[in-house]
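Novice: Protein chains in written order, with this note's numbering: chain A, 82 to 317; chain B, -19 to 381.
Hints in this document: simulated from the structure, not taken from any laboratory. Predicted model, so just to flag it, every value in this text is computed and none were measured. Ideal Cβ positions, reconstructed from N, Cα and C, are used throughout, including at glycine. Be a bit skeptical, because a hint or two may be false.
Just a sample of chain B residues kept apart from chain A, beta carbon distances all over 10 Å, derived [said to hold, decoys possible]:
no. : residue
1   : T24
2   : T41
3   : R71
4   : E244
5   : G291
6   : A298
Stretch by stretch, here's where chain B covers chain A in the computed footprint (C-beta under 8 Å, at least three residues) [claimed, not checked]:
no. : region
7   : 94 to 103
8   : 132 to 144
9   : 165 to 174
10  : 179 to 192
So you can see what is in the structure, the chains are spelled out below.
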Amino acid sequence: MSAVLDAREIGMRFRNGDEFTEVLKGVDLTLQPGELAALLGASGSGKSTLLSIVGLLLRPTAGTITIAGDRVDTLSDAERALFRNHRLGFIFQFHHLLPDFTATENVAFPAAAPAGGITAAMRQRARELLARVGLADRLDFPATRLSGGQKQRVAIARALMNKPDLVLADEPTGSLDRVSAEQVLDLMREVNREDGATFLICTHDEQVAARCTRRISLSEGRVESVMNLGDTDRDK
Amino acid sequence: MFVLAVARRYLFSNPSQTALLIAGVALGVTAFVFITALIAGLATRLTDDVTANSAHVSLETPTRLARVLRGPDADVESVVLVSTFQRRQIRAWSSTLELLRSQASVAAISPQISGSAFLVKGEAVAPVAVTALDPSGLDAISPISTEIVDGEANLGADGILIGARLAENLGLSAGQPVLFRTDRGVDRLLTVRGVFETGLQSLDERVAYLSIQTARPLFRLPEGVTNIEIKLVDPYQARDVALFLHEATGLRAISWQEKNASLEGALTAQARTGVLIQVFSLISVLIGIASALSLSANRRRGEIGIMRAFGVSRRFIAGVFVLQGLLIGMVGAGLGCLSGYGLCIWLATLTNADGSAALPIAPAEGGYVAVFALTTLGAVLASVLPARAAARLDPLEAIQQ
């Protein structure tokens, strides 16, 4: 089975006046289908930058990226946007739901915008996803009337709307209380196990990393360690 | 159309702010309509005042100018002098009348003999500009018969109509005789048949009306006429009609605008002032739309960032803001046109103590189509900058803020 993500020799330098800051120094990262991987590291280790590069939101200064067999680091901006829409899902620390839309409309949005409208099939899938994340009774609730945990669950459903090859999550529990964070983590694990969705979760929280099948630690722009965790470990 | 649905949803998300924005646009459009209708009404009133008692086009004999003829080497060879052996007159006026009667743009025709004379009563002498015309067409150019304040509008044989100021200066009233002395040195006793009062001092003090038959021997003009005065269906066609008549008859054709160049200059200046006010009211409307949409784009940075992260195209994002501008512009302009029309209709009903209109406003000429199109187009253009800014947002930067 080919890798969902195969990033090679990823380098990233930021210019700050006359000086350059090297954030990533030749990082290799491979994810197999169905993996739930945690990307760990201290603040400034380069983990968010790596996630943005893999998510095609940032262009690396070096290296190649292949997602589900397609080379993506050479794509134009428009092609990258299209690729993000069809093949990637995003969950951010702050859900950024569209406040003027219902839960169903928010979930359907990534499919509806390029298609020019929400079709019955899109609405049906959005409802199924919301039911899947435990919000069957909140389908037509405006986003503003949902709690923080519910909003993040809507964000997870939204990330899955277009059946992405890879879901990228940046501190998905960072803005939630402990109970809500546990629920969101359980949900991501459940979707990972039952639907086979591949997740790459960027976090600095050891408890989040402990729930994943693999933990990749970054330090000073390099991969410091990679640890595969068995199901027994992550089910603790 | 999903982008339109999103734009509408954004507008309805904050109804009070959207209502205020639309009200601002409507207010600007109302001001535009009011100014346009007022300037049109003023121009119409001034034009009506000027043309009510005068012709729209006057036909006269061509001007004869003394001139120098130059040879091939630019040396003076000969001088053409103006002949004064014959009276200046339009001899073929019957054929000219036939031509004029065939023109749909012509409303009334008055062939006239114009000249200068003195009215003498005792030791009092007053110069008058004489207009001699066909009694049946007395009102063709100026509605004199409706302005008779003493006597009647009946020229008859040896009759004369004079203005109220002139009658006052000479101590004359209807039925009294007066000595008429032309610039040809012919004297004749005429009877004042009627005294008119137009309200225009130049007419009431200096003009006298005779029948053309009475005038012929007095001005020694047995056949021709000196001028043909014409009223048009549309006074604003006067220039074109004058040009046509000049080319068709060879006569000098003078439009009322040419006769009243200063009035035309004033109307042009007034129209330009109006355009400036219109432009400023439109600019203020457009700045309002641009700033409101910029604020909206800034407030929604996070949402826009997430949309961009999901791969929603820049065109879609820009479309959401441009369509908001379009909707605000259309609704605001529509409401502004309605309120502007209502305001103009109400103002048109206001009258002075004497019953005349307080404001010379023309509600039908508020420039509704123009202001609707300009505001809508302007609103779209005003939304382009915020739309571009929103579409160009770096998703990563927007999400992380």
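Novice: Give a verdict on every hint.
Specialist: So, going through the hints one by one against the coordinates:
1. Against chain A, the non-interface label of T24 (chain B) holds: every CB pair exceeds 10 Å, the least being about 49 Å.
2. At the 10 Å boundary, the C-beta of T41 (chain B) stays outside the reach of chain A, the nearest C-beta of that chain being 74 Å off.
3. Even its closest Cβ contact with chain A, about 78 Å, leaves R71 (chain B) beyond 10 Å, as expected for a residue assigned away from the interface.
4. Interface exclusion of E244 (chain B) from chain A stands, the closest Cβ pair being 55 Å apart, more than 10 Å.
5. The non-interface label for G291 (chain B) is inconsistent with chain A: the shortest C-beta to C-beta separation is roughly 3 Å, within 10 Å.
6. With a closest Cβ-Cβ approach of about 13 Å to chain A, A298 (chain B) is found to remain outside the 10 Å limit, as its non-interface label requires.
7. Residues of the region 94 to 103 of chain A with a Cβ under 8 Å from some Cβ of chain B number 0, which does not satisfy the need for three, so the listed coverage is violated.
8. Counting residues of the region 132 to 144 of chain A whose CB lies closer than 8 Å to any CB of chain B gives 4, which reaches the minimum of 3, so the coverage claim holds.
9. Coverage of the region 165 to 174 of chain A by chain B holds. Counting CB-CB distances below 8 Å, 6 residues qualify, and the rule asks for three or more.
10. Given a C-beta distance limit of less than 8 Å, the hint that chain B covers the region 179 to 192 of chain A holds, as 6 residues qualify and 3 suffice.
Figure legend: structure checked against the earlier numbered hints; hints not met, in rising order: 5, 7.
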